[in-house]
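These protein sequences, in sequence, are chains A and B. The opening residue of the first sequence carries number 1 in our numbering; numbering runs sequentially from there. The opening residue of the second sequence carries number 769 in our numbering; numbering runs sequentially from there.
Hints are computed from structural coordinates only; laboratory data are not their basis. Since we're looking at a predicted model, the values are computed, not measured. Don't take each hint at face value.
Just the calculated beta-carbon pair ranges, DEER-fashion [as the list claims (entries may be wrong)]:
#	chain 1	residue 1	chain 2	residue 2	range
1	A	GLU614	B	LYS1411	22 to 30 Å
2	A	PRO360	B	ALA845	45 to 53 Å
3	B	GLU946	A	LYS356	37 to 45 Å
4	B	GLU946	A	GLY368	17 to 25 Å
5	B	LYS1411	A	GLN625	42 to 50 Å
6	B	LYS1031	A	SER55	34 to 42 Å
7	A	GLU738	B	GLN885	33 to 41 Å
8	B	LYS1411	A	ASP138	16 to 24 Å
9	B	GLU1457	A	PRO661	27 to 35 Å
10	B	GLU946	A	PRO310	38 to 46 Å
11	B	ASP954	A	GLU614	55 to 63 Å
Computed list of lysine-lysine pairs in DSS-like fashion (alpha-carbon distance at most 25 Å, straight line) [to be verified]:
#	chain 1	residue 1	chain 2	residue 2
12	B	LYS1372	B	LYS1058
13	A	LYS643	B	LYS852
14	B	LYS1372	B	LYS1263
15	B	LYS1108	A	LYS72
16	B	LYS1039	B	LYS971
17	A	LYS263	A	LYS193
18	A	LYS30	B	LYS778
19	A	LYS579	A	LYS643
20	B	LYS1400	A	LYS726
21	A	LYS84	A	LYS110
22	B	LYS1498	A	LYS632
23	B	LYS971	A	LYS30
24	B	LYS1058	A	LYS72
25	B	LYS971	A	LYS143
26	B	LYS797	A	LYS579
27	B	LYS1058	A	LYS143
28	B	LYS818	B	LYS872
29	A	LYS632	B	LYS818
30	B	LYS986	B	LYS964
31	B	LYS840	A	LYS340
32	A	LYS726	B	LYS1080
33	B	LYS1058	A	LYS30
34	B	LYS1058	B	LYS981
35	B	LYS818	B	LYS778
36	A	LYS199	A	LYS263
37	B	LYS971	A	LYS290
38	A	LYS452	B	LYS1058
39	A	LYS29	A	LYS84
40	B	LYS1108	A	LYS452
The beta-carbon is built from N, C-alpha and C at its ideal position, and this holds for glycine as well.
There are 2 protein chains.
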Amino acid sequence: MDITFNNDPKLTIFLPFIYFAWHDDVLSKKEITTISDFISSQEWLTKEEKEFLSSKINAGSPPSRSELFHWKEKIDAALASHNKIGNFTELGLLIANAERESFKEEDIQKMAPSFAQFESGLGIMSREVISGFRQKRDTITDKYKTAESFNVTQMTAFLDGSQADIIKTVKKLIGSQEFALNNITDVPEYREKVLKWSKILAKNGLGSYAYPKAHGGKDDIEGYFSIMETLSYHDLSLVIKFGVQFGLWGMSILSLGTEKHYKKYLQAIGKMELIGCFAMTETHHGSNVKGIQTTATYDHKNRSFTIHTPEKYARKEYIGNAANHGEMATVFAKLIIDGKDHGVNAFIVPIRDKGKNTLPGVTIEDCGHKMGLNGVDNGIIYFDNVHIPYENMLDRFAQVSESGEFETPIPSDNRRFFTMLGTLVGGRIGIPRSALAAAKTGLAIAIKYGDKRRQFGPEGGTEVPILNYRMHQRRLMPYLANAYALHFGLQYLTKRFVERTEEEMQEIEALAAGMKAYSTWNTRDTLQECREACGGKGYLSENRIDDLKNDTEIYTTFEGDNTVLMQLTAKNRLGEFRKEFGEMNVATIFNYVLDQAKTTVVEKNPFTTRNTDEEHLKSPEFHLQAFQYREKEIVSTGARRFKKLIDDGLDAFDAANVMHPHMLQIADAYLDRVLLEQFHIQLDKVADEDLKQVLEKLYCLFALNKIEEHKAWYLEQGYMEGSKTKAVRKLVSQLCWEIRQDAVPLVDAFNIPDNCLAPIVTTKSAEA
Amino acid sequence: MDITFNNDPKLTIFLPFIYFAWHDDVLSKKEITTISDFISSQEWLTKEEKEFLSSKINAGSPPSRSELFHWKEKIDAALASHNKIGNFTELGLLIANAERESFKEEDIQKMAPSFAQFESGLGIMSREVISGFRQKRDTITDKYKTAESFNVTQMTAFLDGSQADIIKTVKKLIGSQEFALNNITDVPEYREKVLKWSKILAKNGLGSYAYPKAHGGKDDIEGYFSIMETLSYHDLSLVIKFGVQFGLWGMSILSLGTEKHYKKYLQAIGKMELIGCFAMTETHHGSNVKGIQTTATYDHKNRSFTIHTPEKYARKEYIGNAANHGEMATVFAKLIIDGKDHGVNAFIVPIRDKGKNTLPGVTIEDCGHKMGLNGVDNGIIYFDNVHIPYENMLDRFAQVSESGEFETPIPSDNRRFFTMLGTLVGGRIGIPRSALAAAKTGLAIAIKYGDKRRQFGPEGGTEVPILNYRMHQRRLMPYLANAYALHFGLQYLTKRFVERTEEEMQEIEALAAGMKAYSTWNTRDTLQECREACGGKGYLSENRIDDLKNDTEIYTTFEGDNTVLMQLTAKNRLGEFRKEFGEMNVATIFNYVLDQAKTTVVEKNPFTTRNTDEEHLKSPEFHLQAFQYREKEIVSTGARRFKKLIDDGLDAFDAANVMHPHMLQIADAYLDRVLLEQFHIQLDKVADEDLKQVLEKLYCLFALNKIEEHKAWYLEQGYMEGSKTKAVRKLVSQLCWEIRQDAVPLVDAFNIPDNCLAPIVTTKSAEA
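All chains, full assembly: derive it from the sequences and hints.
This is how it looks when you write it as structure tokens:
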């Protein structure tokens, strides 16, 4: 009689090994040889038995499928009989002893060591493989799911605060049928659609919100920003058209002009009856506005100005509302009187008549197709000696006197220039807030999709929502925490701006510049992650990430290139730091030294740098100290490095160049600290315990994630040791896991109108 | 007579302070008070003189513009007279003593300390401000420019190697008028254009390159990849259509079918006379292909199969060529015989007739507008009991016997499934190479633009090419180094694939999976940086970054989601590691321990971990050791962590979930090391000294930039100390600065056809 596993059941002790060899795709020929050799070495097997077993792992003659299936049945039966099986040998013994006792306890004792050595020598993680064999498994991963730990409506109310009413109004409007989104790819059609939408907004009084009551407005600049942010859940071309018309164009009149201009223009602008442009940027001068070349030459005889583009690349470029709809433009040009250059000033220049025909001397080209924002009609404008009347000079900061003299209350051209630009800081509040809304929309889509979409799962079990995967959480949860942090941070910036005093202006400008860069870069990264997190679905335009991503792509460039803006912020911080030092008397120096020494004693002692207690790592005190330490240290080393470069004889321009990357760090550390502080202040304001708890988790994730991002720096400084940074990483993962449970309610709290989300998450069916 | 600066010149010692107070926009009111107070404390001034000076810094009565201008003239004269002026006091003295000796040497000695204290107390960096005052300045930054240190043609030849001929052929074709790019936004028009282009490629014999000579091909798979990569400088929709038709569709026949299929289909496919699809992905099953639900039920009577979509979300989705042009599809479906599921198999299913009408039982929907690749007609396919004849089963790895039995040379369903998928690994070579070409195009555009575009500059000087800014270099140069590293790395991957043996297949699959993820992520990051580096110009579609970015956006998802692919790679590495351990005998264990100990002695001793010598930091030995250490350590801690989780009783699925981020690190460290090694191997092959030198710099930048990216990890491990990681950062900056000089020639060496670049860099005029 031929040997079989059925008639010689003791041989089934090898079944797990043999089955695994054929089933799995990892074992190599060499490993099969290892099994063969081990079988040959077993003295308790007969020659025939050895031959039989060897034939079962001969690569040249694989088992039949039914044979393989039969083996699996035996394995399944053994697995079903025991819950905990630690390795292949144990499993094999269970099979071999299933029907009758093939091996006695004493045999087992004797065989155990050699089998153990054999098994570990194979390098299989038996326990893992065995758990993979099981049909039905209890896993933590597949059971985890959304659970709402707080009241979503309350959270929305907390986020909206005093702006709840206007936010509700705007959401109702953009949630209406009239505002249905439908991926228009035809550029002219898209532009007209956006124009139509803009007019509806104006009709509803949303355009003039920031203008004085006397000129048809509500004198509510905070409301204006809330409108712009809320609109940003919807089409971003509309937001930018809205911003160009009512913000840039209208606010340039309000900020740079005087009462006569307000009277003449503001009402019509607010009603969108007078569409205009903000013509500052030139082809050759974007970031370096001071270098623009367009001229406004004063004509004594007629008391008028002649606006002129002296060479091709001095043309105004990327100008919103220019290609199709604009009738006028605020043009930035160098004022020339009698051949003398009086620096950059602003002028109102008509460019089209009411019939939308371009006026004489004005040439307009279309910027053409862009990555995004194709609903905005950006254009290029050339001026060929265009005459405008005297009163078209926006004359708040400079005038030409009746005798043709240049007059200004600010004698320095430099300072006047920055004062002019400073009044336009509003754009650097509107854009980061718009960017944040886009990031929120992306997060709402990706998180809701991740909660629905299932892929992979334990063998034999159901598939798992992809948001249950740690990696997926790691990709999205920190951005959710950032969104909350920025929400509070940008509310703070807005408040500071609304309540500003003259003295604070420079600080607020620096904060706005930095926040604009910080928020738009955060949106870029958030949406990138959201796109990838939604896989192929994220690539389909109907699911909105396309537009969100491509429309906000330019946010990092316009209203000031981000790297340039971060330099501005850093320059201000360095200035503050120098002043602090400059104004030091002996007492303050003593205090500063004491302060630094305290850091060394309290924060940099070996106990603290190695402290991995969860309680410590989660404490706001630790976070604030770490953030402050980073900010202070980076700014003071920056100041020292810069001074050293200058002292070593480097030209200031070269030194600034070398310092570039350091400057970005200064701004970044400052903004991180501001966001942390503002988030913490909000925590103190929450009354509801449930809300507080989830916000505390987000706060903690924000803080620790930033610390982890900068852990190389902390390690370099000796502020933390490796054991501590590793503990931070672990805690970040843990927090991502915990927050995942509340992730859907946390994006629901943004209360984004359904028609601004994606079909993959709004359709009732399980599209995912 | 009233006091003036002219009639009381000694007072002009204060001019620099006063001028600065009005000129600059940084000095605060408090600082003005400081100046006032200092003036008041000067005993050598009369009461009237003090009053005069105080009036000059009274915020209530600013100087006139002409007065300010006059002061500046005095300052300019003093600056012109002396090259080195260290502070405001020195400058003031020069002005005061310009016409007559207001102060004698002894006065100066006496005054110096109090002035110095005053100046430092103000917190001005005088030297910096003074250099800013100068009209004409010598800076390193503005003089730096492109200089070609090597022969570009030679570099191109070195990069193209044995593939130079086919690359030249393809470049000639895509550089021709017929292939002119023109941003078509109308989807149907764009698709027809891409179809037309594809047919031209086929007509030129490029489609069938990889097919057997007997079937109209050239049997040249390496050539096929070179074609795909070179095409990727041009329109990426064309590349993907090319890949779908000749790669996925054609290669599925070649890899999964047998001779009878080759005969019947391959010629027509290669000529683009038979357009087909690769229908694997389903709405609910993308990454988890094993879970697809489409069925192919065997009919014993007719010896045929019935292809069926059992529920809505089992429809085939994102299928290229499906929406418009495809006539057939390779459909992946579960084979059912007599109610028994035999796992995933592939079948040829006709979907349209020659008149392009959809066949009975087949329903096709358009996927609609996508972020990119809108020239590819992706569609959704539903099958309603579609009958196909017996011979349409692709039967290389499984057949149904005449008696209706399922037969296969690979008994395990699991293993057969992976064997099938393994044959499709080609896509994971084509895509990363296509991605690399897109990154190269982006770099060529951004670097050439950065070399032309000027913005800002030293006061009074000319503006500086933005590529001279350190920050700009830091953003682009590391990606240039990555592009070269990946060029060699992907050539290596291709060679490995072409010359593969059966034994190596798993390793090569893992390498391809990882390289696909690595390269496509690198392209994503490169193009993002390129877009921002080109500012507004980068946002205009005509300048190509729009399409490059949006078309490659899905590269991180298709042919396998990157995070999933990295897991595959990591799993393979862990397997290799376990085997190494598994197969250890005493001698190898001893060697391993010795090896680890050696690392501790040689690489982790205090001298090495603190070694900041440039020679050491630039040595390939240091790079290789650091890369290898990281790879080994991450894989071995990964194995230990995983084992511990399992031993602690976690289900293998849960444990894998926890290990997710660690797994990505394993794959990443492995790929970094492979790229480093391959780059170094190429260095050894360069004969020309100039070429060698610049490639060595790129190699060094690649190595050090990666080390810097992972410095937190090295610091945590104690492999480097803070002083060393700081030195690495500095060296990276230095290398970026040096390579900038050769950056334009280095992208010129890619020899990208002019019509594939952007107007901003190809127009002769200074558009920038």
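Okay, the hints, checked on the actual structure:
Judged by the Cβ atoms, the range 22 to 30 Å given for A/GLU614 and B/LYS1411 holds: they are separated by roughly 25 Å. Evaluation of the 45 to 53 Å hint for A/PRO360 and B/ALA845 yields a pass: the beta carbon distance comes to about 47 Å. The beta-carbon spacing between B/GLU946 and A/LYS356, approximately 39 Å, falls within the hinted interval of 37 to 45 Å. The hint said 17 to 25 Å for the Cβ distance between B/GLU946 and A/GLY368, and at roughly 23 Å that hint holds.
The supplied range of 42 to 50 Å is broken by B/LYS1411 and A/GLN625, whose beta-carbon atoms lie about 38 Å from each other. B/LYS1031 and A/SER55 have their C-beta atoms about 38 Å apart, which keeps the hinted 34 to 42 Å range intact. The hint said 33 to 41 Å for the Cβ distance between A/GLU738 and B/GLN885, and at roughly 56 Å that hint is violated. Here the CB-CB span from B/LYS1411 to A/ASP138 is close to 21 Å, well matched to the stated 16 to 24 Å.
For B/GLU1457 and A/PRO661, the Cβ-Cβ distance of about 32 Å falls inside the hinted range of 27 to 35 Å, so the restraint holds. Distance hint check for B/GLU946 and A/PRO310: the Cβ-Cβ separation is about 41 Å, which falls inside the suggested range of 38 to 46 Å. Judged by the Cβ atoms, the range 55 to 63 Å given for B/ASP954 and A/GLU614 holds: they are separated by roughly 58 Å. Distance restraint check for B/LYS1372 and B/LYS1058: the Cα-Cα separation of roughly 46 Å exceeds the 25 Å cut-off, and the hinted pair is therefore not satisfied.
Between A/LYS643 and B/LYS852, the direct Cα distance comes to roughly 16 Å. Compliance with the 25 Å bound is thereby established for this hinted pair. Simply put, B/LYS1372 and B/LYS1263 have alpha-carbon atoms about 36 Å apart, too far for the 25 Å limit, and the pair is violated. Under the criterion of a C-alpha separation no larger than 25 Å, the hint pairing B/LYS1108 with A/LYS72 is consistent with the structure, at around 16 Å. Between B/LYS1039 and B/LYS971 the CA atoms are separated by roughly 6 Å; this keeps the pair inside 25 Å, and the hint holds.
Between the alpha carbons of A/LYS263 and A/LYS193 the distance comes to roughly 30 Å, so the proposed pair goes past 25 Å and is violated. Our distance criterion of 25 Å between C-alpha atoms is broken by A/LYS30 and B/LYS778, whose separation comes to about 95 Å. Distance check on the hinted pair: A/LYS579 and A/LYS643 sit about 14 Å apart at the alpha-carbon level, within 25 Å; holds. A hinted pair counts as satisfied when its Cα atoms are at most 25 Å apart, and B/LYS1400 with A/LYS726 qualifies at roughly 19 Å.
Between A/LYS84 and A/LYS110 the CA atoms are separated by roughly 22 Å; this keeps the pair inside 25 Å, and the hint holds. Note on B/LYS1498 and A/LYS632: the hinted pairing holds, with a Cα-Cα distance of about 21 Å set against a maximum of 25 Å. At roughly 48 Å between alpha-carbon atoms, B/LYS971 and A/LYS30 are farther apart than 25 Å, so this suggested pair is violated. Using a Cα cut-off of 25 Å, the hinted pair B/LYS1058 and A/LYS72 holds, with the two alpha carbons roughly 19 Å apart.
Taking the CA atoms of B/LYS971 and A/LYS143, the gap is about 55 Å. The hint is violated against a cut of 25 Å. For the given pair, B/LYS797 sits about 12 Å from A/LYS579 by alpha-carbon distance, which is consistent with the 25 Å threshold. Among the hinted pairs, B/LYS1058 with A/LYS143 is consistent with the structure: their alpha-carbon atoms are about 22 Å apart, no more than 25 Å. The suggested pairing of B/LYS818 with B/LYS872 holds, with an alpha-carbon distance near 21 Å, which does not exceed 25 Å.
Distance hint between A/LYS632 and B/LYS818 is unfulfilled; the C-alpha atoms sit about 39 Å from each other, more than 25 Å. Restraint check for B/LYS986 and B/LYS964: satisfied, since their Cα atoms lie roughly 23 Å apart, inside the 25 Å limit. For a cut-off of 25 Å, the pair hint linking B/LYS840 to A/LYS340 stands: about 16 Å separates their Cα positions. Of the supplied pair hints, the one linking A/LYS726 and B/LYS1080 is violated, its CA atoms being roughly 46 Å apart against a limit of 25 Å.
Between B/LYS1058 and A/LYS30, the direct Cα distance comes to roughly 28 Å. Violation of the 25 Å bound is thereby established for this hinted pair. Between B/LYS1058 and B/LYS981 the alpha-carbon distance is near 34 Å, which puts this suggested pair outside the 25 Å criterion. Annotation: proposed proximity of B/LYS818 to B/LYS778 holds, straight-line Cα distance about 12 Å (limit 25 Å). A threshold of 25 Å between alpha carbons decides the hint, and for A/LYS199 with A/LYS263 the separation of about 21 Å falls inside it, so the pair holds.
A distance of roughly 56 Å separates the Cα atoms of B/LYS971 and A/LYS290; the hinted pair therefore is violated under the 25 Å criterion. Restraint check: the Cα-Cα separation between A/LYS452 and B/LYS1058 comes to about 20 Å, which is no more than 25 Å; the hinted pair holds. Taken as a hint, the A/LYS29 and A/LYS84 pair is broken in the structure, with Cα atoms around 30 Å apart against an allowance of 25 Å. Among the hinted pairs, B/LYS1108 with A/LYS452 is inconsistent with the structure: their alpha-carbon atoms are about 30 Å apart, more than 25 Å.
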